[in-house]
Every structure is written in structure tokens, then in C-alpha cells.
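Novice: Spelled out, the chains give:
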Amino acid sequence: MKSLKAQQHILSDTHEQIEILEHGINHDDSFKLIPFQQKMEAAGLFPLKPTQLEIFQINVGKMCNQVCKHCHVDAGPDRKEIMTRETMQQCLNILAANPSFKTVDLTGGAPELNPDFRWFVAKIKELDKHIIVRCNLTIILANKKYHDLPEFFKQHSIEVVSSLPFYSKDRTDRQRGDGVFEDSIKALQMLNAVGYGIEGSEQKLNLVYNPAGAFLPSTQDSLEKEFKLVLKKDFDISFHSLYAITNLPISRFLDYLLQSSNYEKYMEKLVTAYNPVAAANVMCRNTVSISWDGFIYDCDFNQMLDMKVDCSAQHISQYSEAVLSNRNIVVNQHCYGCTAGAGSSCGGAVA
Amino acid sequence: MANHYYNADDLGKFSGIDKFQKPLADKFFAWYGEVFAEGNLSAREKSLIALAVAHAVQCPYCIDAYSSDAFEKGWSEAQMMEAVHVASAIKGGAVLVHGVQMMNKVKEIAM
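Protein chains in written order, with the numbering used here: chain A, 1 to 351; chain B, 352 to 462.
It is worth saying that the hints were derived from the structure and are not from the lab.
Computed from a predicted model, the values in this text were never measured in an experiment.
Be a bit skeptical, because a hint or two may be false.
What the hints assert, rightly or not - Facing chain B, according to a computed beta carbon distance under 7 Å, are these residues of chain A, among others:
#, residue
1, PHE215
2, SER218
3, GLU226
Where a beta carbon is used, it is the ideal one built from N, C-alpha and C, also for glycine.
The task is simple: from the sequences and hints, build the whole structure.
Specialist: Spelled out as C-alpha cells, the structure:
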């Protein structure tokens with residue numbers, strides 16, 4: 001499967017995605033939802049303002065060894081956008097100068113595919129920041145040179161957050177591709193073997209569940225219980241927490257919704273499940289998201305829709321904590337994905 | 352008035368059932384919510400039971416709702432179909448077991 005970009009798919013144009021989100025499939029307003037802004041106004045949350053900036057999330061590139069059907073990044077082996085060492089250095093300068101950032105969250109694509117990944121991690125660690133790596137698991141098995149990643153993660157006290165959409169082969173492979181479940185299981189066993197995910201261990205291993213289809217995640221706690229039970233029983237695998245994440249209607253997941261005629265029903269589901277408590281706790285309030293080429297966004301989803309921060313500091317070369325702390329966070333209809341039910345963030349439910 | 356009895360959109364209007372009789376609807380929904388909460392049976396187990404019963408009572412709204420709910424709660428297609436077979440077997444068995452009553456009656460009146 002190729003990325004939407006490689007297919008020159010109409011949805012690889014972010015304007016087209018935004019048109020659909022704002023005006024419906026035919027851009028004619030025949031399907032109209034309450035604007036997200038209106039919901040936020042009613043909750044006294046508009047304009048949405050940042051709280052303390054704590055998480056510096058960096059998308060180090062769109063290249064990935066997998067082509068998942070729901071990927072909001074449209075990542076894949078054919079994506080060549082990769083953060084350079086110069087841009088990484090600019091990020092390091094910002095991190096050194098802004099102690100409010102306690103956590104650096106590395107994502108992609110598969111972040112480990114960036115040739116400077118290990119250099120970057122070591123440099124961030126020198127700044128004494130907590131590092132999260134969003135590891136797709138299969139990368140560990142993809143090539144011999146990645147087999148030592150569990151050890152590398154451990155040496156740098158990295159928190160590993162990994163997607164495993166389900167504890168069964170069928171549902172996982174349908175979303176992430178043939179063979180992904182088996183490789184993910186092997187990778188989890190390798191992580192367990194060096195101490196990751198073991199109860200009481202400092203090597204944090206958290207899993208991400210996201211629905212394999214046009215539905216919302218069920219309760220995070222009960223999913224976690226079920227995942228723990230089955231993974232232990234069937235594969236002797238342990239992990240710490242499960243984060244239930246809602247799929248946002250953008251990029252490849254938007255394509256799936258449109259192809260399967262689920263778009264309108266899914267959007268209605270998100271709007272019906274709108275929860276003002278989740279809205280108050282959305283992750284974009286304490287996070288900034290940096291793209292491979294150094295632009296600044298409110299979150300990884302806004303990044304993929306090319307909706308840059310609404311202030312003068314749009315690139316890391318212009319970084320200013322004061323300016324960013326005073327900005328209004330850019331919202332649109334896709335934001336319903338983070339405010340539905342118990343809410344959704346890179347750390348799972350928020351309400 | 353629509354010229355058919357079932358409309359998929361009506362499921363979404365269920366909560367509006369209180370417009371004609373609020374106190375009873377409030378009691379129903381409070382009780383319903385509690386029935387499906389985590390208890391001695393998990394919410395997940397209850398969802399699968401509800402799916403089977405939905406088929407037994409042949410309620411299209413309930414089938415819609417609990418097909419989604421059971422799948423969302425992690426039951427596989429095969430498990431869900433087995434639950435429907437359980438409902439079918441009980442329905443089928445319920446018909447067949449009445450055959451005993453038929454036999455009793457026939458024995459009573461036959462020479």
C-alpha cells in the first residue's frame with residue numbers, strides 16, 4: 001500500500017481535508033455539524049488558551065516501515081520527509097533555554113528511522129529531559145540494526161509508548177498490515193526481556209489502543225484490564241498502562257471513513273459524545289508540536305492539516321515561549337476527536 | 352406518518368421518549384444505566400448478552416446498538432455470531448420443547 005501522497009490522492013491536499021471537515025463531502029454544506037468553536041464557546045473555552053507548556057513533541061520524519069490504514073500522518077516507506085541534524089540542534093537549543101519543558105515526545109513515522117535518532121536522543125538526555133518514544137514495535141524486528149533498540153531505550157531511560165490496536169492478530173493486522181501482530185508480539189517480548197513493562201520496573205512501557213474501524217474506544221480501564229489479561233495469558237507479555245486513543249477524521253482515517261461511507265455517522269458520533277470536561281483537558285494546552293522541517297503547531301493533528309500556530313512564532317527559528325504562551329490555539333471540526341467521551345490525547349483519556 | 356414501522360434514525364431519538372411521560376422514563380434510564388454498569392458481570396460481558404437477547408427479541412434498534420457496542424468492547428465477529436447462535440438455539444429449542452406438550456396432548460386424546 002502506498003501513502004496518499006505517493007498515490008497523488010486528492011486527500012493528500014490538506015485544503016481538501018479541511019473543506020470536507022468544514023463543509024461536508026461535497027463541500028456544499030448539505031451535511032452540517034455544530035461548529036467546534038461554538039461548543040467551546042458554550043463551555044467558556046474559546047478562544048482556547050495554553051496552560052503551562054510542558055511537552056515538546058517532535059515529529060522527526062514521516063518515513064515508516066508500516067502503512068497503517070488509520071495513519072493521520074500518511075506515513076510509510078515512500079515518505080522521505082526527515083528532520084535534519086541542524087533542525088534537531090535548533091530543537092535542542094530551545095529545550096536548553098526553556099526549562100518548563102519537562103518531556104520530549106518523539107514521534108513520526110517511525111522515529112527510529114531518522115538516521116540521527118540515536119544522536120538526538122543522547123543529546124536530549126544530556127539536558128535531563130524525560131523522553132517518550134512512540135515506537136511502532138515492528139521497527140525493532142525490521143532490520144538487524146534495530147534489534148538492540150530495547151537496550152538503547154533502557155540506557156537512555158526512555159519511556160516507550162507503542163501502538164497495539166488489539167490483542168488479537170485479526171484486528172491488528174487489518175489496521176496495520178499483514179504480519180504486524182506477530183512482529184509486535186515478538187518486539188514486546190524483547191522489551192519485557194530487558195525490563196520494560198514489568199510491574200514495579202522503571203522502564204515504562206505503555207500501549208496505545210485505537211479502534212480498528214469507525215467507532216469510538218470503549219472505557220480505557222476495562223480495555224486495559226482485558227489487554228493485560230490476554231497478553232499475559234497468551235504471550236506472557238506485561239505492560240504498564242493502556243492509552244485509549246480516538247481516531248481523528250484526517251488523512252488516511254478520513255479516507256477510510258469516506259471509502260466505507262462512515263464519515264457522516266462517525267462525525268455525528270464524535271459530536272454527540274462531546275464532553276466539556278475532556279475539552280478543558282485537551283493536550284494542545286500544554287504541548288507544542290514540531291514538524292520535521294521545524295514549523296510549530298498546536299498538536300500533531302494540526303500539523304498534518306498544515307494548520308500552524310496562530311502567532312508570530314511559527315518556526316523554531318522564531319521560538320518565543322512568551323509569544324506561544326499567549327497564542328490562541330487553532331481549532332476546527334477534527335478537534336471533536338479529542339473531546340469525545342472520556343477524551344483522547346497522546347496519553348489516552350483525559351476525563 | 353411514515354409508511355413503514357422502523358426507521359434507523361429513531362434509535363437516536365430514544366432518549367426523547369421522556370417527552371410523554373418523564374418520571375417513568377427517568378426511572379427506566381436510571382435503571383438501564385445501572386444494569387449495564389460494571390458489576391458482578393463486566394460491562395463487556397453484559398454487552399454480549401444484550402446482543403444475543405436483541406436477536407431473540409428481534410429488535411432492529413437493539414441489534415444496531417449492541418452490534419456496535421459489543422464490537423467496540425472487543426468481542427470478535429466469530430464470538431458475536433456464536434452469541435447469536437446461542438439466542439437462535441434457545442429460540443429453536445423453545446419451539447421444539449413445546450413438542451412435548453403436543454405429545455402429551457395427543458397421548459391424552461389418542462386411543
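Novice: Confirm or reject each hint.
Specialist: Results of checking the hints against the structure:
1. Interface restraint check for A/PHE215: the shortest CB-CB distance to chain B comes to about 5 Å, inside 7 Å, so the restraint holds.
2. For A/SER218, the shortest C-beta to C-beta distance to chain B is roughly 5 Å, which falls under 7 Å, so the interface hint holds.
3. At a threshold of 7 Å, the smallest CB-CB gap from A/GLU226 to chain B is about 6 Å, leaving the interface hint in force.
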